[in-house]
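Participant: Let the hints inform the model, and build the full structure from the sequences given.
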Amino acid sequence: MRIRLEHVSKNYGALHAVEDVSLEIPSNEVYGVIGKSGAGKSTLVRLISLLERPDSGEIYYDDKRVDNLPKKELIQERRKIGMIFQNFNLFSSRTALENIEYPMEICHMDRKTSKKKANELLSLVGLEGRGDAPISTLSGGQKQRIAIARALAVDPNILFCDEATSALDPQTTRAILALIKEIQKKMNLTVVMITHQMEVVRDACTRVAVLDQGKIVERGDAREVFANPQTAVTKDFLFNISNMKNSIIRWSNEGGHYTLRFRGLKTQEPIISEVAKATGAVFNIRAAGVNIVSGEEHGIMILDIGPDAETAKSAVDKFEKLGVKVEEEMDGSV
Amino acid sequence: MAAFSRYWSLILNPFLQTLEMVFFSTLFAVILGLPIGVLLQITSPEDQGGIVPKRILNSVLSRVVNILRSFPFIILLIVIMPLSRVIVGTAIGTTAAIIPLSIAAAPFVARIIETALKEVDPGVVQAAKAMGSTNFQIIWKVLLPEALPSLISGITLTVINLIGYSAMAGAIGGGGLGDLAIRYGYQRFQSDVLFITVVIIILLVEVIQLIGNKLAAHVIAKR
Chain A
2 MRIRLEHVSK NYGALHAVED VSLEIPSNEV YGVIGKSGAG KSTLVRLISL LERPDSGEIY
62 YDDKRVDNLP KKELIQERRK IGMIFQNFNL FSSRTALENI EYPMEICHMD RKTSKKKANE
122 LLSLVGLEGR GDAPISTLSG GQKQRIAIAR ALAVDPNILF CDEATSALDP QTTRAILALI
182 KEIQKKMNLT VVMITHQMEV VRDACTRVAV LDQGKIVERG DAREVFANPQ TAVTKDFLFN
242 ISNMKNSIIR WSNEGGHYTL RFRGLKTQEP IISEVAKATG AVFNIRAAGV NIVSGEEHGI
302 MILDIGPDAE TAKSAVDKFE KLGVKVEEEM DGSV
Chain B
2 MAAFSRYWSL ILNPFLQTLE MVFFSTLFAV ILGLPIGVLL QITSPEDQGG IVPKRILNSV
62 LSRVVNILRS FPFIILLIVI MPLSRVIVGT AIGTTAAIIP LSIAAAPFVA RIIETALKEV
122 DPGVVQAAKA MGSTNFQIIW KVLLPEALPS LISGITLTVI NLIGYSAMAG AIGGGGLGDL
182 AIRYGYQRFQ SDVLFITVVI IILLVEVIQL IGNKLAAHVI AKR
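From first to last, the protein sequence lines stand for chains A and B. FYI, the working numbering numbers position 186 of the first sequence as 187, with every residue one higher than the one before it. FYI, the working numbering numbers position 1 of the second sequence as 2, with every residue one higher than the one before it.
It cannot be assumed that every hint is accurate.
To be clear about the criterion: a stretch of chain A counts as covered by chain B if any three or more of its residues have a C-beta under 8 Å from a C-beta of chain B, and this derived list gives those stretches [as the list claims (entries may be wrong)]:
(1) 67-79
(2) 83-93
(3) 98-111
(4) 133-143
In silico DSS-like pairs for lysine-lysine, Cα to Cα no more than 25 Å straight-line [claimed, not checked]:
(5) 55(B) / 73(A)
(6) 314(A) / 278(A)
(7) 81(A) / 113(A)
(8) 72(A) / 55(B)
(9) 118(A) / 182(A)
(10) 142(B) / 73(A)
(11) 118(A) / 187(A)
(12) 223(B) / 113(A)
(13) 182(A) / 37(A)
(14) 142(B) / 55(B)
(15) 118(A) / 223(B)
(16) 215(B) / 142(B)
(17) 142(B) / 116(A)
(18) 314(A) / 326(A)
(19) 236(A) / 216(A)
(20) 117(A) / 81(A)
(21) 278(A) / 322(A)
(22) 223(B) / 116(A)
(23) 119(B) / 223(B)
(24) 65(A) / 216(A)
(25) 223(B) / 142(B)
(26) 326(A) / 236(A)
(27) 223(B) / 117(A)
(28) 81(A) / 65(A)
(29) 118(A) / 142(B)
(30) 117(A) / 142(B)
(31) 142(B) / 119(B)
(32) 142(B) / 72(A)
(33) 186(A) / 118(A)
(34) 81(A) / 187(A)
(35) 319(A) / 236(A)
(36) 322(A) / 236(A)
(37) 142(B) / 113(A)
(38) 81(A) / 142(B)
It should be emphasised that the hints constitute simulated quantities derived from the structure, not laboratory data. Ideal Cβ placement from N, Cα and C applies to all residues, glycine included.
Facilitator: Structural data, given as C-alpha cells:
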C-alpha cells in the first residue's frame with residue numbers, strides 16, 4: 002500500500018511538532034524516517050498510523066483519504082495496520098502466543114483459526130515452541146520478534162516500526178532488521194521505519210526522509226542522500242554513524258579542512274595519488290573510513306590540502322571531475 | 002471443653018453474620034465501584050492514560066467519590082437507613098447493614114481500581130489502540146487483565162477495611178463480631194468474650210491478607 006501525506010501539520014500548544022509535511026511512501030519498500038529526538042518523529046508516526054488526527058493536511062492510504070474517518074471506520078482501518086514499538090508493548094497478562102492472537106481476537110476471528118495462525122507466525126519469526134512463554138521470560142530480541150508476529154497477525158499492508166530497534170544491542174538490531182527485510186519481501190509489505198539510528202537506515206531502508214524540527218529537510222534514495230548530504234542534520238547523522246561503528250579512523254584530533262565523499266567503485270581507485278600527480282598537491286589526511294549503505298560502499302576522508310590555496314583549488318576541481326564529492330569547511334582561517 | 006462450647010455457641014452466629022456482611026458488601030462494593038473506577042480512569046486527561054478524556058465528567062465524578070469517602074461511616078449508617086428500608090424492607094439487621102457497607106466501600110474500591118489502571122503501561126494501551134481495539138476491548142482485554150495483581154491487592158485491602166466497618170454495623174443491629182464485643186464485652190463487662198472476639202477478628206484479617214497475597218503472587222508468577 003502506498004502512503005501519501007499532503008501538507009500535514011500537528012501542533013501541541015505553541016509547539017509545531019509536525020509542520021507542513023508532504024511525503025509519499027511508495028508501496029512495497031522499506032522507507033526510513035530519520036530524525037533526532039524532538040524532531041517530530043513520534044508525532045509523525047502517530048499521525049501516519051492514525052493514532053492521532055492532524056490539525057491540517059491530508060493522509061491517504063493508496064487513494065483513500067484516512068485522516069478524517071469516523072471512529073468506527075478508523076478502528077477498521079487500524080486493524081489493517083501492523084505496528085511495532087521501541088518498548089515492544091506486549092501484554093504481560095498474556096503468553097507469547099496469546100499476544101499474537103490478540104489482534105485476531107478483537108476482530109472476532111474464531112479461536113481455532115487464530116491459534117493456528119499465531120503458531121505459524123511464531124515459527125516465521127523463529128520462536129517455534131515458545132508460545133507458552135510468559136513475556137517476562139523473553140529477551141529483548143525475542144520480545145520484538147513476538148511483537149512483529151503480533152503485528153503481522155492481521156495480514157497488514159503496512160508495518161510501522163517506531164524506533165523498533167532502539168532498545169536492542171547492535172547484534173540483535175541487525176537480526177531484527179534482517180527479519181523485517183525478509184518479511185517485507187515475503188509479504189509485500191510497505192514498511193515505514195522511524196528511527197534516530199543511521200545504521201538502521203543504512204542497513205534496511207531503500208529510501209529515507211530526514212526530519213528536523215517538524216519538517217522534512219531532505220529525502221530520496223538512501224544511498225543518494227548519504228553520498229551527497231545536503232543539510233547539516235544529515236551530515237551530523239553520517240558523522241555519528243561513522244564514529245559509532247569505528248569505521249572512521251582519526252589520526253589527528255584537529256578537524257580537516259576538506260571532507261571527501263566517495264561512492265561505490267571510487268572507494269577502490271587510487272584517486273588521491275592520481276590527484277596528487279596531476280596537480281602537485283600534498284595531502285594531510287586527518288581521518289578516513291568506509292561505510293556500507295544499502296550494499297554500496299561509501300568512503301569518507303577528512304583532510305587538508307596544500308601547499309597553497311591555488312593548488313588546493315585545482316585539486317578540489319580534479320576530485321570533483323573524478324566523481325568525488327568535496328565539502329569545504331567554511332569557518333577555517335585558510 | 003465446656004467453656005469452649007459456651008464460647009463457640011456464643012460466637013458462631015455473630016461470626017457467620019460478619020462473614021455474610023463482609024462477603025456481600027465486598028461483592029456489591031466491587032459491582033458499584035468497578036464501573037466508577039474504570040470511568041474515572043478512562044475519562045482522565047490523556048497524559049494520565051485516559052483513553053476517552055472528559056474533563057468535566059471526570060472532575061464531577063472525582064468530587065462525588067471524594068465526598069462519599071470523607072463521610073464518617075457511623076453517620077453514613079444512619080443517613081442511609083431510609084434507603085435500606087426501600088431496598089431490603091428494613092433498616093435493622095445484618096442484611097440491612099450490607100447496604101451502607103457497600104455504599105461506604107464503593108468509592109474506596111473505585112479509587113483503588115482507578116489507581117491500579119493508572120499503573121498500566123501507556124505504551125501497551127497505545128499498542129492496543131493501534132491494533133484497532135475498541136474502547137471496550139481496551140478496558141476488558143487490556144487494562145483490567147494488565148492491572149490484575151494490583152486489583153487483587155486492592156480488593157484484599159477493601160475486604161479488610163470492611164471487616165473493621167462491619168464491626169460498627171452492630172450499632173444498627175447488624176449483628177456480627179463487633180456487636181458481640183460491644184454487648185458482652187463492654188456492656189456486660191465480660192472481658193473474656195471481648196478478648197476472644199478481637200482475636201478472631203485479628204485472625205480473620207490475617208487469613209484474608211494471606212489469601213490476597215498468595216493470589217497476587219500466583220498471578221505475577223505466571224507472567
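Participant: Hint by hint, note whether the structure agrees.
Facilitator: A quick look at each hint next to the structure:
no. : hint            : in the structure
1   : 67-79           : holds (count 4)
2   : 83-93           : holds (count 7)
3   : 98-111          : holds (count 5)
4   : 133-143         : holds (count 3)
5   : 55(B) / 73(A)   : holds (19 Å)
6   : 314(A) / 278(A) : holds (15 Å)
7   : 81(A) / 113(A)  : holds (21 Å)
8   : 72(A) / 55(B)   : holds (17 Å)
9   : 118(A) / 182(A) : holds (21 Å)
10  : 142(B) / 73(A)  : holds (19 Å)
11  : 118(A) / 187(A) : holds (16 Å)
12  : 223(B) / 113(A) : holds (23 Å)
13  : 182(A) / 37(A)  : holds (23 Å)
14  : 142(B) / 55(B)  : holds (22 Å)
15  : 118(A) / 223(B) : holds (24 Å)
16  : 215(B) / 142(B) : holds (23 Å)
17  : 142(B) / 116(A) : holds (17 Å)
18  : 314(A) / 326(A) : holds (14 Å)
19  : 236(A) / 216(A) : holds (16 Å)
20  : 117(A) / 81(A)  : holds (19 Å)
21  : 278(A) / 322(A) : holds (15 Å)
22  : 223(B) / 116(A) : holds (20 Å)
23  : 119(B) / 223(B) : holds (22 Å)
24  : 65(A) / 216(A)  : holds (24 Å)
25  : 223(B) / 142(B) : holds (17 Å)
26  : 326(A) / 236(A) : holds (13 Å)
27  : 223(B) / 117(A) : holds (23 Å)
28  : 81(A) / 65(A)   : holds (13 Å)
29  : 118(A) / 142(B) : holds (20 Å)
30  : 117(A) / 142(B) : holds (21 Å)
31  : 142(B) / 119(B) : holds (15 Å)
32  : 142(B) / 72(A)  : holds (19 Å)
33  : 186(A) / 118(A) : holds (19 Å)
34  : 81(A) / 187(A)  : holds (17 Å)
35  : 319(A) / 236(A) : holds (23 Å)
36  : 322(A) / 236(A) : holds (22 Å)
37  : 142(B) / 113(A) : holds (19 Å)
38  : 81(A) / 142(B)  : holds (19 Å)
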